[in-house]
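**Q** Sequences listed follow chains A and B, in order. Residue numbers for the first sequence follow my numbering, so the first one is 24 and each next one is one higher. Residue numbers for the second sequence follow my numbering, so the first one is 4 and each next one is one higher.
Quick caveat, the hints were computed from the structure, so don't treat them as lab data. What you are looking at is a predicted structure, and each value in this text was computed from that prediction instead of being measured. Note that CB positions come from ideal geometry on N, CA and C, so glycine has one too. Be careful, since some hints might not be right.
In silico DSSO-like links for lysine-lysine, alpha-carbon gap of 30 Å or less [as the list claims (entries may be wrong)]:
#1 Lys401/A x Lys94/A
#2 Lys374/A x Lys9/B
#3 Lys374/A x Lys30/B
Ranges between beta-carbon positions, derived for each pair [as the list claims (entries may be wrong)]:
#4 Asp212/A x Pro35/B: 27 to 37 Å
#5 Lys9/B x Pro194/A: 51 to 61 Å
#6 Arg260/A x Thr52/B: 48 to 58 Å
#7 Ser21/B x Glu119/A: 52 to 62 Å
#8 Leu246/A x Pro35/B: 23 to 33 Å
#9 Leu246/A x Lys78/B: 43 to 53 Å
#10 Asp262/A x Thr52/B: 44 to 54 Å
Stretch-level coverage of chain A by chain B, calculated; a stretch enters the list once three of its residues show a Cβ under 8 Å from a Cβ in chain B [claimed, not checked]:
#11 361-375
#12 378-392
#13 408-421
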Amino acid sequence: MSHHDPDLLFEREVLTDIRRLDEAWIHPATFMFLADHSGVSPEWVMERMACLPAECREQHFILLTSGSTGKPKLVVGTRQRAESLARTLHELQASEPVDETVCLLPLTYCYAFVNQWLWSRQFNRRLVVTEGLAQPGRLKEALATSRNAMICLVGAQVPLLTRYFQEDVFPGVIRVHFAGGRYPQERLDEVRRLFPNAEIFNNYGCAEAMPRLTLRRAEDAPLASHIGWPLPGVEMRADETDRLLFRSAYGAVAMIDDVGFTAIGPETWVPTGDLGRRLENGQWELLGRANEVFKRYGEKISLPQILTLVRANWHGLADCYRESDPQGEAGYVLVLSPAPSADQVRDILRKLSQTLPRTHWPLRVEGVANLPMLANGKIDRQQLAGRPDSTILWRQRI
Amino acid sequence: MKNRDKLKQLLMDIFLLSETEFRFDLKREEIPTWDSMGTVAMAVGINETFNYHFTPAEAMSVNGVEDIIRILESKGIPFHD
Chain A
24 MSHHDPDLLF
34 EREVLTDIRR
44 LDEAWIHPAT
54 FMFLADHSGV
64 SPEWVMERMA
74 CLPAECREQH
84 FILLTSGSTG
94 KPKLVVGTRQ
104 RAESLARTLH
114 ELQASEPVDE
124 TVCLLPLTYC
134 YAFVNQWLWS
144 RQFNRRLVVT
154 EGLAQPGRLK
164 EALATSRNAM
174 ICLVGAQVPL
184 LTRYFQEDVF
194 PGVIRVHFAG
204 GRYPQERLDE
214 VRRLFPNAEI
224 FNNYGCAEAM
234 PRLTLRRAED
244 APLASHIGWP
254 LPGVEMRADE
264 TDRLLFRSAY
274 GAVAMIDDVG
284 FTAIGPETWV
294 PTGDLGRRLE
304 NGQWELLGRA
314 NEVFKRYGEK
324 ISLPQILTLV
334 RANWHGLADC
344 YRESDPQGEA
354 GYVLVLSPAP
364 SADQVRDILR
374 KLSQTLPRTH
384 WPLRVEGVAN
394 LPMLANGKID
404 RQQLAGRPDS
414 TILWRQRI
Chain B
4 MKNRDKLKQL
14 LMDIFLLSET
24 EFRFDLKREE
34 IPTWDSMGTV
44 AMAVGINETF
54 NYHFTPAEAM
64 SVNGVEDIIR
74 ILESKGIPFH
84 D
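Chain A with its partners taken away, still in its complex shape:
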């Protein structure tokens, strides 16, 4: 059997003609689908793709992820697995009544790629590609004229949607999916105002899962950290240090990074990068990113739990970055956008003070006009620290 060289397909080619993606999907050669501004060069990608063994050079596809580590890597999936996942999601997300899907995220994002592009291809539903919030006028038109539509969002987009579409309602949207970041539990009222006829789902996964692991409806749990039940074909477990691991019938079969090619066998437990625990009802709860839970003065600090408290009392955007205090103890800085008033900062800190000792309060509270964002809608944590436009609004004195 002859083996093809893998193809490199750029987002701009697909946006010009969506059929390019269909052609790549039905062509035997493995292809890589790459964002135009991915942060890596085509040469870097081609060097990594040269590591592909012969058995991965057909009927596979490759996406780029930088995850939360900031280190780029390629995830290699099989088309059969991805199609199987799209079928599973169709059933579990009750997508049969959905006639079309409106894309607000780049299609190179695995979530949009499988849940929207591949799904629309498999079930012969209309795909409406937009530039998302980069072109809010066009997005508004697409949402306003949609009929029985499904959309996929990341939580960080909700305040932006609310800001852009203050007076608008989009009754044609009947499914709203969240994934790729923290679920916006505190903002569901805003989501329901924008999309009054939509069923809302919390989807959880990671790039290595290609990309889904669990699912729940909004009404199935009261907390953002409750991510629902594993999909059929997905096994999950937490190890002795609470690291959340998975094995999936839909997951990536390999990864390629600067170290080289790493196969993911059927027996391999893959770390999600999160900490988690199984609840009594079989749902899973996230306890934080493995690098977002740390000890300060001997006591555990969970940044996700802190951000949950902050977001319950702050309707702008909020995130944290790690920093050590002058004594060398691990701590964190809270960044809020837009910059809050002194009264708002005090209210947020008072809420923290009701459940957390002073040592667990942030080392500083900083305000910025806008948080740095990645193309996929997530906050760019690599760029949070030392922003020239940040203002120190409060600081610890211990």
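Starting from the known structure of chain A, arrange chain B on it as the hints suggest.
**A** The following block gives chain B in isolation, referenced to the frame of chain A:
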């Protein structure tokens, strides 16, 4: 800024008090955020603002805003300005 105003701003910031909540006769037990680490933060803030370092005994003896003023005045930092 007068020393009274400096102290007021400092304590409002450390103990998360609003303008209307702050009084110069506030007692420690009236301020929920004034725990042992709050005392440490207060001592650090006093040092930064008034360049006086509370001894541990002085810091632990403080039971309200008036005690802070009394200690600082005894060190030559005026509060009747």
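**Q** Now look at each hint and say whether the structure bears it out.
**A** Taking the hints in turn, this is what the structure says about them:
1. Lys401/A x Lys94/A: holds (15 Å)
2. Lys374/A x Lys9/B: The given pair, whose Cα atoms are some 25 Å apart, holds under the 30 Å limit.
3. Lys374/A x Lys30/B: With a Cα-Cα distance of about 21 Å, the restraint between Lys374/A and Lys30/B holds, given a limit of 30 Å.
4. Asp212/A x Pro35/B: 27 to 37 Å: At 30 Å between Cβs, range holds.
5. Lys9/B x Pro194/A: 51 to 61 Å: holds (57 Å)
6. Arg260/A x Thr52/B: 48 to 58 Å: holds (53 Å)
7. Ser21/B x Glu119/A: 52 to 62 Å: holds (54 Å)
8. Leu246/A x Pro35/B: 23 to 33 Å: holds (26 Å)
9. Leu246/A x Lys78/B: 43 to 53 Å: holds (51 Å)
10. Asp262/A x Thr52/B: 44 to 54 Å: For Thr52/B against Asp262/A, whose Cβ atoms are near 49 Å apart, the range 44 to 54 Å holds.
11. 361-375: holds (count 4)
12. 378-392: holds (count 3)
13. 408-421: holds (count 4)
Taken one by one, the earlier hints all hold for this structure without exception.
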